[in-house]
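As you go down the protein sequences, you meet chains Y and R in turn.
If you read the first sequence in UniProt numbering, its first letter stands for residue 1, the second for the next number, and so on.
If you read the second sequence in UniProt numbering, its first letter stands for residue 1, the second for the next number, and so on.
Wrong hints could be hidden among the right ones.
To be verified - A few chain Y residues that face chain R, going by a derived Cβ cut-off under 10 angstroms, partial list only:
1. Ile17
2. Glu59
3. Tyr100
4. Phe112
5. His113
6. His121
7. Thr124
8. Arg138
9. Ile157
10. Val159
11. Tyr185
12. Ser186
13. Ser194
14. Glu215
Derived by calculation from the structure, the hints in this document are not laboratory data.
Bear in mind that the values here come from a model prediction, so they are computed numbers and not experimental data.
Backbone N, C-alpha and C define an ideal beta-carbon position, used for all residues, glycine too.
These are the residues of each chain, in order.
Protein chains: 2
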Amino acid sequence: SLQDQFDNLEKHTQWGIDVLEKYIKFVKERTEIELSYAKQLRNLSKKYQPKKNSKEEEEYRYTSTRAFLATLNEMNDYAGQHEVISENMTSLITAELTRYVQELKQERKSHFHDGRKAQQHIETCWKQLEASKRRFERDCKEADRAQQYFEKMDADINVTKADVEKARQQAQLRHQMAEDSKAEYSSTLQKFNSEQHEHYYTHIPNIFQKIQEMEERRIVRIGESMKTFAEVDRQVIPIIGKCLDEITKAAESVDHKNDSQMVIEAFKSGFEPPGDVDFEDFTQPMKRTVSESSLSNSRGDGKSEPKFSSKSKGKLWPFIKKNKVL
Amino acid sequence: SLQDQFDNLEKHTQWGIDVLEKYIKFVKERTEIELSYAKQLRNLSKKYQPKKNSKEEEEYRYTSTRAFLATLNEMNDYAGQHEVISENMTSLITAELTRYVQELKQERKSHFHDGRKAQQHIETCWKQLEASKRRFERDCKEADRAQQYFEKMDADINVTKADVEKARQQAQLRHQMAEDSKAEYSSTLQKFNSEQHEHYYTHIPNIFQKIQEMEERRIVRIGESMKTFAEVDRQVIPIIGKCLDEITKAAESVDHKNDSQMVIEAFKSGFEPPGDVDFEDFTQPMKRTVSESSLSNSRGDGKSEPKFSSKSKGKLWPFIKKNKVL
Numbered sequence: 001s002l003q004d005q006f007d008n009l010e011k012h013t014q015w016g017i018d019v020l021e022k023y024i025k026f027v028k029e030r031t032e033i034e035l036s037y038a039k040q041l042r043n044l045s046k047k048y049q050p051k052k053n054s055k056e057e058e059e060y061r062y063t064s065t066r067a068f069l070a071t072l073n074e075m076n077d078y079a080g081q082h083e084v085i086s087e088n089m090t091s092l093i094t095a096e097l098t099r100y101v102q103e104l105k106q107e108r109k110s111h112f113h114d115g116r117k118a119q120q121h122i123e124t125c126w127k128q129l130e131a132s133k134r135r136f137e138r139d140c141k142e143a144d145r146a147q148q149y150f151e152k153m154d155a156d157i158n159v160t161k162a163d164v165e166k167a168r169q170q171a172q173l174r175h176q177m178a179e180d181s182k183a184e185y186s187s188t189l190q191k192f193n194s195e196q197h198e199h200y201y202t203h204i205p206n207i208f209q210k211i212q213e214m215e216e217r218r219i220v221r222i223g224e225s226m227k228t229f230a231e232v233d234r235q236v237i238p239i240i241g242k243c244l245d246e247i248t249k250a251a252e253s254v255d256h257k258n259d260s261q262m263v264i265e266a267f268k269s270g271f272e273p274p275g276d277v278d279f280e281d282f283t284q285p286m287k288r289t290v291s292e293s294s295l296s297n298s299r300g301d302g303k304s305e306p307k308f309s310s311k312s313k314g315k316l317w318p319f320i321k322k323n324k325v326l
Numbered sequence: 001s002l003q004d005q006f007d008n009l010e011k012h013t014q015w016g017i018d019v020l021e022k023y024i025k026f027v028k029e030r031t032e033i034e035l036s037y038a039k040q041l042r043n044l045s046k047k048y049q050p051k052k053n054s055k056e057e058e059e060y061r062y063t064s065t066r067a068f069l070a071t072l073n074e075m076n077d078y079a080g081q082h083e084v085i086s087e088n089m090t091s092l093i094t095a096e097l098t099r100y101v102q103e104l105k106q107e108r109k110s111h112f113h114d115g116r117k118a119q120q121h122i123e124t125c126w127k128q129l130e131a132s133k134r135r136f137e138r139d140c141k142e143a144d145r146a147q148q149y150f151e152k153m154d155a156d157i158n159v160t161k162a163d164v165e166k167a168r169q170q171a172q173l174r175h176q177m178a179e180d181s182k183a184e185y186s187s188t189l190q191k192f193n194s195e196q197h198e199h200y201y202t203h204i205p206n207i208f209q210k211i212q213e214m215e216e217r218r219i220v221r222i223g224e225s226m227k228t229f230a231e232v233d234r235q236v237i238p239i240i241g242k243c244l245d246e247i248t249k250a251a252e253s254v255d256h257k258n259d260s261q262m263v264i265e266a267f268k269s270g271f272e273p274p275g276d277v278d279f280e281d282f283t284q285p286m287k288r289t290v291s292e293s294s295l296s297n298s299r300g301d302g303k304s305e306p307k308f309s310s311k312s313k314g315k316l317w318p319f320i321k322k323n324k325v326l
């Protein structure tokens with residue numbers, strides 16, 4: 001019946017709203033996952049940042065440590081892009097759809113309200129028609145009874161003409177009343193049939209049409225949101241790609257020659273290798289006699305310690321280039 | 001001093017290992033974040049899957065619900081790509097670097113062991129030289145004393161020639177011993193100077209060179225890992241892009257006309273709008289007399305209920321196309 005169809009549509013459109021609300025919830029949970037992911041990446045980046053004004057910070061002079069710092073900073077931007085996903089999904093999908101689902105609920109309510117009103121109206125018309133028909137039926141019976149009474153009086157020779165005339169007038173009156181009821185019933189019936197036609201061929205189809213359009217708009221809307229869902233995600237890809245390019249660039253700028261040169265510069269000392277240790281000749285007292293040997297090496301300048309700690313302008317670097325030495 | 005330089009290098013290379021281990025830890029934490037993100041996305045996808053053999057599953061006939069299902073499945077693949085990031089970072093970075101850092105620690109240990117051995121060797125040589133010098137000095141003093149004793153005896157007229165001769169021989173012996181010590185000292189000195197030169201110009205520079213090369217390999221290695229870090233991430237972008245394209249495609253396949261047609265098909269009933277209600281004429285008994293009016297509308301077929309529940313082959317769909325009606 002029509003009522004079954006309304007019930008089915010009421011259930012189906014409620015299901016449509018449930019689907020929409022489920023989708024909103026799904027996207028909301030996705031935004032929370034993105035936020036949590038971004039937060040973890042930001043914390044990771046923060047955790048490995050050099051402590052300000054620390055020795056650690058000074059160590060970030062090397063290309064390798066600078067590349068790590070760049071990686072950390074890019075991871076932070078990378079995290080930011082997942083926040084962008086979250087924010088855009090919230091503003092372009094969940095917020096929009098939440099507003100829309102409220103409108104949709106309102107609109108749905110109004111269509112089914114109109115449906116119920118139309119149903120009630122046609123039922124009221126039906127009751128009026130029934131009442132009109134019953135009145136006509138009753139009046140016909142009354143007219144019939146009055147007619148029979150008149151005929152009975154008319155056939156009775158013991159009845160006065162005045163009484164016959166009274167019964168005839170009564171029968172005519174009743175007949176007229178029945179005719180009036182018939183006219184009213186006929187008019188009510190015509191009105192009902194017209195209303196019923198209007199109901200089934202205009203009002204109800206209009207309501208169904210509006211519900212169908214509402215449904216179709218809901219479907220279009222959820223389709224658009226699903227497209228936005230992918231689009232919001234796709235939009236950050238080039239920026240994430242740039243973050244990765246920056247990490248690659250930083251990694252490629254790692255220069256082992258530069259870094260080891262910096263270590264050499266940092267650790268070069270005023271230290272130079274000690275020269276040869278001189279010969280110390282203790283034979284001077286012996287020189288008083290003619291010695292049988294002569295030590296050519298003897299310069300007797302009294303040095304007795306190798307220059308393990310001597311300071312000099314010529315600096316020895318901890319890393320001596322092999323080719324300089326060999 | 002050289003020892004300071006070794007100390008500095010020992011500290012610096014330890015710092016290098018710490019940096020490497022810190023980077024390994026950083027990447028490990030990144031892989032954990034990726035895994036947790038992937039797990040959350042997978043759970044999200046799973047949570048919204050239709051329950052098997054449920055009414056819900058049947059509802060996935062509509063293009064809109066199928067698009068949602070496609071979104072869920074693509075999110076699952078999307079999650080899988082973040083697992084790929086995690087797995088590749090683990091195998092290509094953390095596992096590799098963990099192995100490498102063990103080798104590096106071993107190599108570093110061996111270089112500083114060589115350095116200490118060289119230092120100890122040159123100190124031992126220095127001690128030998130000192131001992132040799134002291135012996136020479138002592139022997140010179142002994143020779144000097146023997147010479148003075150001989151000279152004193154030689155000048156003493158009360159001493160026998162035999163005693164003088166004995167003192168002369170003793171002085172000559174002591175002189176010879178001093179000469180021998182001098183020769184040995186001289187030889188030790190030459191050996192020491194040669195060793196010392198070797199130490200400062202060959203052994204130590206070689207060790208420094210090896211440490212420098214080790215350092216440079218470490219820097220190259222961390223740079224390569226940083227590049228891999230970005231590369232592993234970049235590799236999944238096209239696949240994630242494909243997931244997003246599939247979501248877009250599914251969203252674009254949402255067909256509101258198709259879905260509303262399916263609703264119409266599902267809910268169409270055997271119900272058709274009732275026809276006009278017929279006029280019921282209760283005036284038949286009145287017909288027995290000549291009635292003053294005649295009701296043209298009367299067919300008297302006795303119908304008294306509108307076909308609110310009539311069954312018919314001609315079906316009315318809940319959504320009637322407006323153009324069919326108006």
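Verification of the supplied hints:
1. Ile17: violated (13 angstroms)
2. Glu59: OK, holds: Y:Glu59 within 10 angstroms of chain R, min 7 angstroms.
3. Tyr100: violated (14 angstroms)
4. Phe112: Cβ of Y:Phe112 sits 12 angstroms from chain R, so the hint is violated.
5. His113: Since the shortest Cβ distance to chain R is 17 angstroms, the answer is violated.
6. His121: violated (14 angstroms)
7. Thr124: violated (13 angstroms)
8. Arg138: holds (9 angstroms)
9. Ile157: Y:Ile157 check fails; min Cβ-Cβ to chain R is 21 angstroms, beyond 10 angstroms.
10. Val159: Y:Val159 check fails; min Cβ-Cβ to chain R is 19 angstroms, beyond 10 angstroms.
11. Tyr185: holds (8 angstroms)
12. Ser186: Given a least distance of 6 angstroms, the restraint on Y:Ser186 holds.
13. Ser194: Result: holds, 9 angstroms to nearest chain R Cβ.
14. Glu215: holds (5 angstroms)
The structure does not agree with the numbered hints 1, 3, 4, 5, 6, 7, 9 and 10 stated previously, though it agrees with the rest.
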